[in-house]
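K.L.:
Residue numbers (the numbering used here), protein chains in the order written: chain A, 1 to 113; chain B, 1 to 114.
Calculated from the structure, these hints are not laboratory results. Predicted model only: the values in this text are computed from it and were never measured. Some hints could be false.
Among chain A residues calculated to face chain B with C-beta under 8 Å, some are [what the hints assert, rightly or not]:
hint, residue
1, 2
2, 58
3, 99
Some chain A residues judged to face chain B by a derived CB distance under 7 Å, without partners named [claimed, not checked]:
hint, residue
4, 28
5, 30
6, 33
7, 42
8, 48
9, 51
10, 53
11, 64
12, 69
13, 105
14, 106
15, 107
Below, simulated BS3-like cross-link-like pairs (lysine-lysine); rule was C-alpha separation at most 27 Å, straight line [unchecked claim]:
hint, chain 1, residue 1, chain 2, residue 2
16, B, 77, B, 56
17, A, 9, B, 77
18, B, 52, B, 106
19, B, 60, A, 57
20, B, 52, A, 57
21, B, 77, B, 60
22, B, 52, B, 77
23, A, 9, A, 57
24, B, 106, B, 68
Virtual Cβ for every residue (Gly too), placed ideally from N, Cα, C.
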Amino acid sequence: DSGVTQTPKHLITATGQRVTLRCSPRSGDLSVYWYQQSLDQGLQFLIQYYNGEERAKGNILERFSAQQFPDLHSELNLSSLELGDSALYFCASSVGTGGHEQYFGPGTRLTVT
Amino acid sequence: GDSVTQMEGPVTLSEEAFLTINCTYTATGYPSLFWYVQYPGEGLQLLLKATKADDKGSNKGFEATYRKETTSFHLEKGSVQVSDSAVYFCALSDSGGGADGLTFGKGTHLIIQP
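Just chain B, same shape as in the assembly (with noise of 0.2 Å):
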């Protein structure tokens, strides 16, 4: 079945420093891909998608690029603020047949510190 593997942290980084957040996938058909965000206390919020192969999702300074050759699609920003503090997610949707419940990895806790 499909799966999403993404580092787990807590991943500890000073303001201002380079983030990248690495995500994998295996899926049986062409997925769409997703990154959301949670901040302590509440839901998910969608920070950005990516539909087909090369395509790149950006929102609030993060990017992704779907690589379907590495079955990956890496979230990267180039200045994290302590705001940027949450855990993130990694997921995908495999929508045959229009079933799209998202399969999610298990989160990567990001502690930026001032």
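Looking at chain A on its own, in the form it has when it is part of the complex (with noise of 0.2 Å):
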């Protein structure tokens, strides 16, 4: 158990709609970060918070967002859903930048019909 922990486990929905993941990092962990996992793209970087503010952007599409809390916990929205939206989505959380190891928690399968 990595300590970052991930809702939902599962997540069906229809094209064009919305949806929210949430993520939790290890405790006293600042950075939070996203990726997705596809068959065809493989494990991308998606975007990086760090206590509160956003960090870097990876191949975050527009109409995905993301957001850190107070709390430290991420949302990561996804809109205007695609059938190649479908995916594993992973939170991972490190104690601050410059290289630290990353935390995966047991990621979100988004299946877009």
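Put the complex together from the two separate chains, hints included.
P.N.:
This is the structure in structure tokens:
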């Protein structure tokens, strides 16, 4: 158990809908990262937050957004969903920035029908 | 941009065989390097890491050495077990400015037969 929790574990929704994925980092970790894992694209970094502020953006679509709250939990919002958004979404946390190891949650499997 | 290249497999070995999974990288700065393992239906677990040239990371019998001259971070284990069957990901963090999302290779599926 990494100490990173994600909810829900599974999510099934229809095209055009909007969903919110939630992540709680390990106790004491200030950085939260979101990743997408799909068969065709592999594991891709989406976005990083550090202590409530956006720190870096990766391959995140404009239809996707995220935020980190004062209690350090984070939410990833996916809107106008398409079939191609079906994937595993992982959250990871680390104590800070600068190459620290990242600890991953169990993931949320999103299926768009 | 940064990239990681690793053999994709599947790699099939017999129990107690020697394992090498190759990983090479391209980065603009001085990255930290990681190996993660993913068991079926689970998230990624950190296996080992190295933060500078010539560092050796090790854990659970696995080892990898950060080779700057060959831009490589090959994973090795002297004697594999059936329980090592999983997908292994090589990754780097090029953390200039504190922005350190990981760049992953495509993963190597390892199958160990009894």
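K.L.:
For every hint, state whether the structure bears it out.
P.N.:
Okay, the hints, checked on the actual structure:
About 7 Å separates the beta-carbon of residue 2(A) from the nearest beta-carbon of chain B, less than 8 Å, and the hint is met. With a cut of 8 Å, the hint placing residue 58(A) at the interface with chain B holds, because the nearest CB-to-CB distance is about 5 Å. The interface hint given for residue 99(A) holds, since its Cβ lies 3 Å from the closest Cβ of chain B, which is under the 8 Å cut-off. For residue 28(A), the interface hint is violated, the least distance from its beta-carbon to any beta-carbon of chain B being 16 Å, above 7 Å.
Hint on residue 30(A) is violated. Least Cβ distance to chain B is approximately 11 Å, over the 7 Å limit. For residue 33(A), the interface hint holds, since its Cβ comes within 7 Å of a Cβ in chain B; the closest pair sits about 6 Å apart. Hint status for residue 42(A): holds, given a least beta-carbon distance of 5 Å to chain B, under 7 Å. At about 5 Å, the closest approach between the beta carbon of residue 48(A) and any beta carbon in chain B falls short of 7 Å, and the interface hint on this residue holds.
Look at residue 51(A): its Cβ only gets to about 11 Å from chain B, farther than 7 Å, so that hint breaks. Contact between residue 53(A) and chain B, as hinted, is not supported at the beta carbon level, the nearest pair being about 10 Å apart and thus beyond 7 Å. A distance limit of 7 Å between C-beta atoms decides the matter here; for residue 64(A) the minimum to chain B is near 14 Å, and the interface restraint is violated. The criterion of a C-beta within 7 Å of any C-beta in chain B is not met by residue 69(A), whose closest approach is roughly 20 Å, and the hint is violated.
Residue-level restraint check for residue 105(A) holds (minimum Cβ-Cβ distance to chain B is 6 Å; threshold 7 Å). Look at residue 106(A): its Cβ gets to within about 5 Å of chain B, closer than 7 Å, so that hint holds up. Here the hint on residue 107(A) is kept, as its CB sits about 5 Å from the closest CB of chain B, short of 7 Å. Between the alpha carbons of residue 77(B) and residue 56(B) the distance comes to roughly 13 Å, so the proposed pair stays at or under 27 Å and holds.
For a cut-off of 27 Å, the pair hint linking residue 9(A) to residue 77(B) is broken: about 33 Å separates their Cα positions. For a cut-off of 27 Å, the pair hint linking residue 52(B) to residue 106(B) stands: about 23 Å separates their Cα positions. A C-alpha spacing of about 33 Å is found between residue 60(B) and residue 57(A), which places the hinted pair above 27 Å, so the restraint is violated. For a cut-off of 27 Å, the pair hint linking residue 52(B) to residue 57(A) stands: about 25 Å separates their Cα positions.
For the proposed pair residue 77(B) and residue 60(B), the alpha carbon gap of about 9 Å is at most 27 Å, so the pair holds. At most 27 Å may separate the alpha-carbon atoms for a hinted pair to count; residue 52(B) and residue 77(B) meet this at roughly 21 Å. As the CA atoms of residue 9(A) and residue 57(A) are separated by approximately 24 Å, the hinted pair is consistent with the 27 Å bound. For the suggested pair residue 106(B) and residue 68(B), the alpha carbons sit about 21 Å apart, so the restraint of at most 27 Å is met.
When held up to the earlier numbered hints, the structure conflicts with 4, 5, 9, 10, 11, 12, 17 and 19 and fits the remainder.
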